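Please model the entire structure based on the sequences and the hints provided.
Heads up: the protein sequence lines correspond to chains A and B, in order. Here the first sequence is numbered in the UniProt record's numbering, starting from 1 and rising by one per residue. Here the second sequence is numbered in the UniProt record's numbering, starting from 1 and rising by one per residue.
Among the hints, a few may not be true.
Unchecked claim - Using 20 angstroms as the maximum straight-line C-alpha spacing, the simulated EDC-like pairs for lysine to aspartate or glutamate come out as follows:
#1 A:K886 <-> B:D74
#2 A:K984 <-> A:D916
#3 A:K894 <-> B:D88
#4 A:K798 <-> A:D724
#5 A:K894 <-> B:E36
#6 A:K894 <-> B:E16
Unchecked claim - Okay, the calculated bits of chain A under chain B, using three or more residues with CB under 8 angstroms as the criterion:
#7 715-722
#8 739-746
#9 883-895
Please keep in mind that the hints were generated in silico from the structure rather than gathered at the bench. Small disclaimer: the values here were computed from a predicted structure and weren't measured. C-beta: ideal position from N, C-alpha, C; glycine also.
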Amino acid sequence: MSGAFRVSGRGRVDTARPVSFRFDGRTIRGYEGDTVASALLAQGQHLMGRSFKYHRPRGPISAGSDEPNALIGVGEGARHTPNLRATQVEIHKGLVTVSQNRGPRLNFDVGAINTWLAPLFPAGFYYKTFMWPRGFWDKVYEPVIRRAAGLGKVATAPDPDHYALHYAHCDVLVIGGGPAGLTAALAAGRTGARVILCDETPELGGTLLSDAHSRIDGLSAAEWVAKAGAELKALPNVQVMTRCTAFNYGPHNMVALNQRLTEHLATPDPAMPRERIWQVRAAEVVVTAGALERPLVFEGNDRPGILLATAARTYLNRYGVLPGKCAVIVTADDSAYRVAIELAEAGVRIAAIADLRANPDAPVVAEAKARGIVVLPSTTIQKANGNLRVRSVELAPVADNGRVGKGQRFVCDCVLMAGGFTPSLHIHSQARGTMRFDEVLGVYLPDRSVERLRSAGSCRGLFALQDVLDDGAAAGLAAAKAAGGGDAERPAPRVTDADAPGAGGFAGALPRRGLGSLALAFVDFQNDVTAKDVKLAVREGFQSIEHIKRYTTTGMATDQGKSSNVNALGIASKELGRAPQRVGLTTFRPPYTPVTFGAFAAHARGDQFDPLRLAPADGWARAQGAVFEDVGLWRRARYFPRGGEDMHAAVTRECSAVRTAAGIFDASTLGKIEVVGPDAAEFMNRFYINAWTKLGVGKCRYGLVCRDNGFVYDDGVVGRIAADRFHVTTTTGGAAGVLNMMEDYLQTEWADLDVWLTSITEEWGVIALQGPKAREILAPLVDGMDISAEALPHMGLKEGTIGGVPMRLFRVSFTGEVGFEINVPSGRMGAVWERIWAAGSPHGLTPYGTEAMHVLRAEKGYLIVGQETDGTMTPGDVGCGWAVSKAKPDFIGKRALALPALNAPDRPQMVGLLTDDPRTVLEEGMQLVRAPEAPAPVSADGHVTSSYYSPALGRSIAIAMVKGGRDRMGETLYAPAIDGAAIKVSIVNPVFYDTEGVRVNG
Amino acid sequence: MLLIACPYCGPRAEIEFAYGGEAHIARPGPGVTEEEWAAFLYLRDNTKGVLAERWRHSHGCGRFFNALRDTRTDRILTTYEMGTPRPDIKEGEAA
Chain A
1 MSGAFRVSGR GRVDTARPVS FRFDGRTIRG YEGDTVASAL LAQGQHLMGR
51 SFKYHRPRGP ISAGSDEPNA LIGVGEGARH TPNLRATQVE IHKGLVTVSQ
101 NRGPRLNFDV GAINTWLAPL FPAGFYYKTF MWPRGFWDKV YEPVIRRAAG
151 LGKVATAPDP DHYALHYAHC DVLVIGGGPA GLTAALAAGR TGARVILCDE
201 TPELGGTLLS DAHSRIDGLS AAEWVAKAGA ELKALPNVQV MTRCTAFNYG
251 PHNMVALNQR LTEHLATPDP AMPRERIWQV RAAEVVVTAG ALERPLVFEG
301 NDRPGILLAT AARTYLNRYG VLPGKCAVIV TADDSAYRVA IELAEAGVRI
351 AAIADLRANP DAPVVAEAKA RGIVVLPSTT IQKANGNLRV RSVELAPVAD
401 NGRVGKGQRF VCDCVLMAGG FTPSLHIHSQ ARGTMRFDEV LGVYLPDRSV
451 ERLRSAGSCR GLFALQDVLD DGAAAGLAAA KAAGGGDAER PAPRVTDADA
501 PGAGGFAGAL PRRGLGSLAL AFVDFQNDVT AKDVKLAVRE GFQSIEHIKR
551 YTTTGMATDQ GKSSNVNALG IASKELGRAP QRVGLTTFRP PYTPVTFGAF
601 AAHARGDQFD PLRLAPADGW ARAQGAVFED VGLWRRARYF PRGGEDMHAA
651 VTRECSAVRT AAGIFDASTL GKIEVVGPDA AEFMNRFYIN AWTKLGVGKC
701 RYGLVCRDNG FVYDDGVVGR IAADRFHVTT TTGGAAGVLN MMEDYLQTEW
751 ADLDVWLTSI TEEWGVIALQ GPKAREILAP LVDGMDISAE ALPHMGLKEG
801 TIGGVPMRLF RVSFTGEVGF EINVPSGRMG AVWERIWAAG SPHGLTPYGT
851 EAMHVLRAEK GYLIVGQETD GTMTPGDVGC GWAVSKAKPD FIGKRALALP
901 ALNAPDRPQM VGLLTDDPRT VLEEGMQLVR APEAPAPVSA DGHVTSSYYS
951 PALGRSIAIA MVKGGRDRMG ETLYAPAIDG AAIKVSIVNP VFYDTEGVRV
1001 NG
Chain B
1 MLLIACPYCG PRAEIEFAYG GEAHIARPGP GVTEEEWAAF LYLRDNTKGV
51 LAERWRHSHG CGRFFNALRD TRTDRILTTY EMGTPRPDIK EGEAA
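Now the structure itself:
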């Protein structure tokens, strides 16, 4: 047998298949079916980690997902995952694991000095201590605390695995594959309902796999589980998923499951995702989450070797592992007696059972006594001694009046705690379920929920195995019926030989002699919260359990208070002098157990993080060596460097080419919407601030959209294709929003209008051809179309063909030069682009990117919505007051634009700025103030919205929004810099180049 | 994730929809007072209970419609077409 604490004839591990793995560099031998925890315990090693705050040596207290102590790092390099529970990590060949938060070694930790300093680290320690001096926070306190307190380390290399996301629908989702879950799934499955059964462990069965005593239908519990599992797997309408945790219950019965697919395999198929998230929409949910045994709160209760009685039973019956050679059992519940008997049978010496109750009288108690086990009624545990392992305990009698008498020392190497069972309410609570306090059981039980779920079995306070099985079957059948299913034979397994469920249980800190000490009596093991901390919080005035939780951090660790909540409640309740039901329970939040970021991200990573929208000339631009930038989802060419140019040189050259010859630019990302119908003009009149009735067919107009609050929302050129057809353009980023806003008003306010709206952004590719030679280049290419200045003046529009390709030709300019925007079907734009490029090259045609586009428009003082505007600018603020129709009876924004506040003379107004030093380029976002050395706080007169070096002017230029700016031309302002002196600027006209606007009409 | 019954397409997951704020807020004409206009723009009931609200099946049929949702529970009592009056349903009566 592998390990001194392994017993033969017990457990479900496959002793024919030994498995070796590494823990802290040592080779550990176990068997297939072992967890890291069971394999280490088989070697007699309880010490598996160091605690979060005090670096206390810790071992596992549980054998499942409620484990707060035995957190380990698993895997190497980029596959390393920290903070996994050793009680759940299945071993396989080549597995590499490490302990955490220890320095330098697990059995020698210099940080453990924190234990001796524990009296100095009370609840609220951080709030109280690290207030002063202020400068120490980020330089001293935080780095030191971060290093001293903590859990595992995350991998920093990119995750080499892939993860999947799946949606699923079912009639009945059963959460938990223990006894109630099995009968629930069987009952629902037999009706033909679509059933999903998930369980977080590798095997169905739950507590039945640890139960070597009960018999069901004449079979051992494990044999019955195998039979039930086989029936479920044979049902085509039932999907069973193990290693699959329901971690979040969302609205309308949308439950998220996290399935771990490869972690337990030595050589997983690389095509398999490592984990999968299931988003299950279930008509009905049955929660069979079971109950968790509570630890007991006493001095030194966190020593390695102290664990829950049920955990010891699981290690024995599921893994064939003994928790030690000599055990003391401290109990408030009958169930621990069965554990004592089974351990004694397996060769463990039971030093004593200390029962907190005065008269334990269940049959199993008598059975234990008959075996010669010493039972001490009315006895508490005063203290556990030892350091890296418990060595002895002090047990003391509790008198009727509650006084604790003199203690007696018992030597042992393990202590089993049995504080009673807490129904697992996490999933019910996530489903916004209310809870009610059960006076008899002394715990909270699920009450109502707004969701379609029902709890069954021990998670709703039923503890007799027969009751649990029956309750599961009833819930499964009821759920299937509620989901519209028919009737079927209900599973009715008969339980024999089971122990009666224990009455009892304890919540809070155990009674102790005199004042005792609770400084190292842990309530929340994972967050190192002690009974003293909870008491202190109450003494300091915290009344609400939610506040006590946040102040002490009890229940806030990754285990979400699985083992600690009820004990914390017990202590707070006693300290507050209020019954537990009047104190209440904190809300359990998702996830039930931690979920990796990889699983959440699933496929949405790297180039699949977001869809990438490519403009039609993207391939051409790449071939030209363009540098790209992301604009929303679009990838756009930012500039086209030639021969090692930097951005400044490239942009200067591109701008000069547009001003002196011609430039070509892919403007396809512009949003485009076709507004069609008999009432199209009326719709446009109501939607835009401008008037459209008089816009002739074959003409364009600059249009501005406001919200009903009067602030600019979007802009763009609109062409009238026909009396009943407008070709609307929007900003690149505003396309979807404008269409949604159009649909909103059309569908909900103006149902009287006969208009159709169609997004045509993807249909039309747009080539912007700009510059004094643009017409000369284009004229020979447009089939029989006269594009002379007379035939197609600025803001004119013609339909025709270009090399046989249908075209909507807009004469518009965002550069101030003669400009054309050639709209052709996107799929054919590449060919048209190539023809223009070939025809233009002799004329010096130059491709330009978004950077030059920005500079060229800034030189002309053209605004960009979202750059000059920020959702609080009116058309008048940005110099577009002229566009606001006075004649229209109504339009979006009309009423608001009449408000006095939106017409105040000190509104921010768009102006130009010139720095004293022509080489200084301001930072966009800089604030503008009146005096260079004004003491803070000082209110700003405005801020810089656009700033560039202008090749046309040979100096820097900027656009700003300045209070009352249009009446302050020539005034001096200062832009305080983060480093260095404030920069002196003067207010000027925002049109820096070709102020009269001659060139655009050329 | 909510399950929302589009009156035109049937039940669909929430990711197909865009929220449209409180329903039945009539847009006044330009002749109203400043107070009335401000109320139209900004004043909302912030209901704890059954709220009539607008949704758009933006990644589906594109239509706007109204829903009655209990803001305490997220339960959707009914959905109905734009332009029809608010159904007289209280929490507990819904199908």
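Now for the hints, and whether the structure bears them out:
no.	hint	result
1	A:K886 <-> B:D74	violated, 45 angstroms
2	A:K984 <-> A:D916	holds, 6 angstroms
3	A:K894 <-> B:D88	violated, 35 angstroms
4	A:K798 <-> A:D724	holds, 16 angstroms
5	A:K894 <-> B:E36	holds, 14 angstroms
6	A:K894 <-> B:E16	violated, 33 angstroms
7	715-722	violated (count 0)
8	739-746	holds (count 3)
9	883-895	holds (count 4)
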